[in-house]
Amino acid sequence: MANRCYVDGDESVRPRSVATKAAFENAMVLDIAMGGSTNTVLHVLAIAHEAGVDFTMKDIDRLSRKVPNICKVAPMGHYHVEDVHRAGGIFTILGELDTAGLIQRDARTVHAASMGAAIDANDLHRASATPEAKARALAAPGGVPTQVAFSQDKYFKDADLDVEKGCIRDIAHAYSKDGGLAVLHATSPSRAAS
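In our numbering, the protein residues as written are 35 to 228.
Be aware that one or more of the hints could be misleading.
Derived DSSO-like pairs: lysine-lysine, alpha-carbon spacing no greater than 30 Å straight-line [to be verified]: (1) K211 to K106; (2) K199 to K211; (3) K191 to K168; (4) K188 to K100; (5) K191 to K106; (6) K211 to K92; (7) K92 to K106; (8) K211 to K55; (9) K188 to K211; (10) K188 to K92; (11) K168 to K188; (12) K55 to K106; (13) K168 to K199; (14) K55 to K100; (15) K191 to K100; (16) K199 to K100; (17) K211 to K100; (18) K188 to K199; (19) K211 to K168.
By construction, these hints were calculated from the structure, which means they are not laboratory data.
Taking the hints into account, I'd like the entire structure generated from these sequences.
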């Protein structure tokens with residue numbers, strides 16, 4: 035990306051070209067669907083502020099009221115990151131959210147033409163998932179320290195595609211209809227008395 039920007043003059047890859055309100059909303063929708071994190075809230079709000087994007091607690095509150103919890107990762111549940119990976123990873127979660135109309139498909143990304151294109155290529159539940167995406171999901175923990183991705187030889191026999199009881203659920207079988215974040219608002223004394 036640095037080459038594309040500074041050598042080729044492609045301004046479209048600069049962070050502020052990618053870090054749009056739609057991108058921040060997609061990030062929070064994903065976080066909420068995975069159980070939510072107050073750390074994510076703090077960091078996303080700080081990054082949005084630095085990027086000059088109008089993304090606030092009101093946006094997080096609005097999203098948290100309509101995004102279901104479809105993936106629980108330890109310590110919120112008994113699944114771990116490697117289980118999420120075996121179920122298709124982040125893109126399969128995003129794919130389910132996309133199917134429910136909760137993802138802004140046109141949002142730019144750093145790795146694909148759009149979020150929609152990335153989901154279509156990597157969501158294991160879609161016929162358009164690439165062979166590479168399907169193979170990647172089978173990479174199992176190797177138990178071998180390495181700094182080279184996919185350099186070990188441990189693989190799962192099959193992917194976890196169970197949307198009813200598996201790690202990544204569909205909307206109909208969500209762990210809860212409400213997301214993993216709640217925004218609390220202080221009530222003024224005069225409102226509480228009335």
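Hint-by-hint comparison with the structure:
| no. | hint | result |
| --- | --- | --- |
| 1 | K211 to K106 | holds, 13 Å |
| 2 | K199 to K211 | holds, 15 Å |
| 3 | K191 to K168 | holds, 12 Å |
| 4 | K188 to K100 | violated, 38 Å |
| 5 | K191 to K106 | holds, 22 Å |
| 6 | K211 to K92 | holds, 19 Å |
| 7 | K92 to K106 | holds, 24 Å |
| 8 | K211 to K55 | holds, 24 Å |
| 9 | K188 to K211 | violated, 36 Å |
| 10 | K188 to K92 | violated, 44 Å |
| 11 | K168 to K188 | holds, 15 Å |
| 12 | K55 to K106 | holds, 26 Å |
| 13 | K168 to K199 | holds, 20 Å |
| 14 | K55 to K100 | holds, 18 Å |
| 15 | K191 to K100 | violated, 35 Å |
| 16 | K199 to K100 | holds, 21 Å |
| 17 | K211 to K100 | holds, 8 Å |
| 18 | K188 to K199 | holds, 25 Å |
| 19 | K211 to K168 | holds, 28 Å |
Violated hints, listed in ascending order, are 4, 9, 10, 15; each of the other numbered hints is respected by the structure.
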